[in-house]
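First to last, the sequence lines map onto chains C and E.
Per numbering that gives the first Met the number 0, the first sequence starts with residue 0, numbered consecutively.
Per numbering that gives the first Met the number 0, the second sequence starts with residue 0, numbered consecutively.
Hints were generated in silico from the structure; no laboratory data involved.
For clarity, every value in this text was computed on a predicted model and none was experimentally measured.
Check the hints yourself; a few may be wrong.
A pair counts as met if it fits within one copy or between any two copies, since identical chains are not told apart.
Stated by the list, open to error - The calculated lysine-lysine pairs, modelled on DSSO-like cross-linking and capped at a C-alpha distance of 27 angstroms, are:
{"no.": "1", "residue 1": "Lys157", "residue 2": "Lys184"}
{"no.": "2", "residue 1": "Lys224", "residue 2": "Lys96"}
{"no.": "3", "residue 1": "Lys120", "residue 2": "Lys96"}
{"no.": "4", "residue 1": "Lys184", "residue 2": "Lys120"}
{"no.": "5", "residue 1": "Lys224", "residue 2": "Lys184"}
There are 2 protein chains.
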Amino acid sequence: MSPADDVSWPRAATLADVASAAGVAISTVSRALSNPARVNSVTRERIEQAARDLDYSPNSQARALISGRTRAVAVFVADVTNPFYFDLIRGTQRQLKAAGYTQVLVDTEESDELEDLTLQKLRRSFDGAILAASRLTDARLAALSHEVPMVTINRQTKSVPSVFIDTPSGILQAVEHLISLGHRKIAYISGPETSWPNEGRWRAFVRATERHGVEPQRIGPFSPKKAAGAAAADAALNSGVTACVAFNDLLAIGMLMRLRERGVSVPEQLSIVGCDDIFGADFCNPPLTTLTAPIEQAGRVAVSMLLARLDSTTVSGMRDRATLPTHLTVRASTGPVPHERGRP
Amino acid sequence: MSPADDVSWPRAATLADVASAAGVAISTVSRALSNPARVNSVTRERIEQAARDLDYSPNSQARALISGRTRAVAVFVADVTNPFYFDLIRGTQRQLKAAGYTQVLVDTEESDELEDLTLQKLRRSFDGAILAASRLTDARLAALSHEVPMVTINRQTKSVPSVFIDTPSGILQAVEHLISLGHRKIAYISGPETSWPNEGRWRAFVRATERHGVEPQRIGPFSPKKAAGAAAADAALNSGVTACVAFNDLLAIGMLMRLRERGVSVPEQLSIVGCDDIFGADFCNPPLTTLTAPIEQAGRVAVSMLLARLDSTTVSGMRDRATLPTHLTVRASTGPVPHERGRP
DNA sequence: TTCACACACGCAATCGTTTGCCATAATTTG
DNA sequence: CAAATTATGGCAAACGATTGCGTGTGTGAA
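Please construct the entire structure, taking both the sequences and the accompanying hints into account.
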């Protein structure tokens with residue numbers, strides 16, 4: 000038999016089917032299945048048997064229609080391609096499944112309009128949303144938070160609960176690591192200017208460098224993609240810095256590849272620090288010194304916060320802000336400052 | 000205002016609200032919005048205005064209840080962590096969004112039971128499913144395909160339409176590449192034995208080696224994860240082969256890391272070929288020679304096939320089998336066979 | 001003037017559940 | 001043994017949208 004011959008999608012069994020099979024009313028079946036104590040045990044068993052025979056499975060749409068709850072949560076990411084989100088998605092997925100929720104993945108393609116539109120159009124299709132790296136304005140975010148329960152990740156706004164990965168504090172560590180290696184000309188390789196974490200990292204970079212009497216340089220912006228690393232590497236080389244901190248690992252890895260291509264050795268000629276410690280940061284060449292972020296945990300915490308306010312009737316005394324620490328993981332992409340040309 | 004104070008999730012506007020605002024019947028609003036030609040233009044504009052004012056957005060649950068169509072498709076992956084699925088998810092996501100469908104991501108955690116259960120429990124929540132690397136038996140797959148329209152990826156069964164990435168043909172190329180480099184002792188590093196593509200790759204490996212009078216060796220099974228690469232590397236080293244073809248890139252990259260740790264150089268002492276060309280295969284150390292698979296395309300094609308049979312009434316003459324070619328991408332992890340010990 | 005025929009819109013049933021309310025039967029209590 | 005209570009299960013109204021059918025209005029032709 001060819002698959003194409005297979006045209007019958009038989010109507011699935013409904014409560015009514017089970018009811019007539021068991022010889023009871025629909026309401027009794029409903030109760031037997033969702034509130035067993037409410038119906039006599041012998042009736043219940045008859046019903047359960049019938050349900051099993053008919054392979055009954057409740058229609059979640061109908062259920063959602065009454066309860067107003069879909070038991071689904073949307074996770075908005077800027078770009079499914081970015082490995083950063085994979086740890087995040089893994090975290091949310093695990094936690095959601097554990098709570099019996101299903102995850103709906105939405106890719107906003109780094110567009111605020113698409114994010115806004117989807118959030119509006121689909122708001123009835125899920126009980127809440129996790130916004131990872133939202134591109135929305137504070138005002139819009141505040142407005143939408145009235146329509147859909149939500150939690151943001153790496154985006155703090157007073158009107159919305161959030162999980163924040165404290166990369167800025169890590170930046171301080173990273174800068175001090177570079178300074179201790181003798182670097183004095185250090186640049187921040189900027190990500191997209193619409194990115195909220197990017198600005199936070201830049202501010203932390205400024206604070207950290209100034210504390211040590213070093214002038215902060217900013218190069219960019221660049222798209223947070225591996226391909227953009229080529230331009231970033233060229234720009235960094237041209238600027239004459241001896242070390243740089245990149246907005247994220249993707250960009251840093253892209254730089255590493257370009258530098259290798261151009262024959263400049265890392266860290267002998269240029270030290271590079273990334274952010275996030277994504278998949279690949281440990282096996283690239285050279286392995287990347289980076290700010291390790293608890294990304295998966297961030298996903299789990301965000302889900303917990305969201306579900307807490309979905310499931311409880313009272314919202315008082317609930318944690319609405321979480322900050323997760325990062326730490327510097329030193330690998331092989333950072334090293335002592337190179338000797339000045341002509342001097343030992 | 001603290002987020003915690005924010006307790007009101009106002010009831011969203013319904014057709015009834017719009018109807019009373021516009022002073023018409025519910026049915027008229029419904030038609031004005033979904034079948035504009037059916038209602039007078041001035042009434043329609045009044046309705047549209049009211050809908051806009053009330054920020055009306057249709058309840059997809061209610062819609063699904065009537066139509067029986069949810070406009071959602073589930074994508075089942077064995078492990079969201081595995082970068083192989085990154086590209087796949089990206090492909091399905093793009094194609095689904097383009098068709099106005101939403102993607103529901105399900106992680107089966109490499110468990111056939113979980114896969115089966117979820118498929119059953121959620122079958123009414125989506126219109127169809129894409130099964131990437133299903134662990135189900137042929138019989139079960141056939142049975143379930145009667146309940147839910149589905150398309151498998153990298154899993155061919157006569158009862159279910161499928162998209163197949165032709166890695167086996169690529170294995171032939173890979174083996175010939177190794178043979179042309181002088182290798183005669185070559186092993187296949189096996190993935191999980193429950194994995195369907197793993198068996199196909201092994202069979203292709205056997206065919207390819209035997210064609211060249213080389214004895215096929217099999218090492219494993221190993222979990223298709225980076226961490227398992229350590230054991231695989233040790234085993235390969237111990238077996239005395241000079242080259243190997245790994246079940247997938249993840250395993251190959253793990254091997255690369257372990258070999259570096261043990262101080263054995265690739266490809267001077269051992270050549271390695273991966274499969275899939277996932278994210279990272281190009282920037283690991285050394286860059287991996289691998290079988291480049293059109294993963295994202297596979298996702299897109301699978302979605303197209305699924306939607307084709309969902310949207311059309313007639314299923315006849317529909318493509319129910321697609322094979323996508325792979326090609327060998329030679330990078331730096333393969334090289335000439337090492338000289339025998341003591342001989343030049 | 002009357003018949004026919006669009007056209008525009010409303011009525012009400014429907015999808016599959018859940019749940020408040022009520023009727024009956026069974027059990028306990030005084 | 002009557003009265004009060006409890007256990008059990010059925011009826012019917014929601015939830016929000018779609019859609020077949022019917023009604024009323026207006027237009028043109030005979």
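To see whether the hints hold, each was checked on the structure:
{"no.": "1", "hint": "Lys157 x Lys184", "verdict": "neither (36 angstroms within a copy, 64 angstroms between copies)"}
{"no.": "2", "hint": "Lys224 x Lys96", "verdict": "between (30 angstroms within a copy, 22 angstroms between copies)"}
{"no.": "3", "hint": "Lys120 x Lys96", "verdict": "both (24 angstroms within a copy, 13 angstroms between copies)"}
{"no.": "4", "hint": "Lys184 x Lys120", "verdict": "neither (49 angstroms within a copy, 59 angstroms between copies)"}
{"no.": "5", "hint": "Lys224 x Lys184", "verdict": "within (24 angstroms within a copy, 40 angstroms between copies)"}
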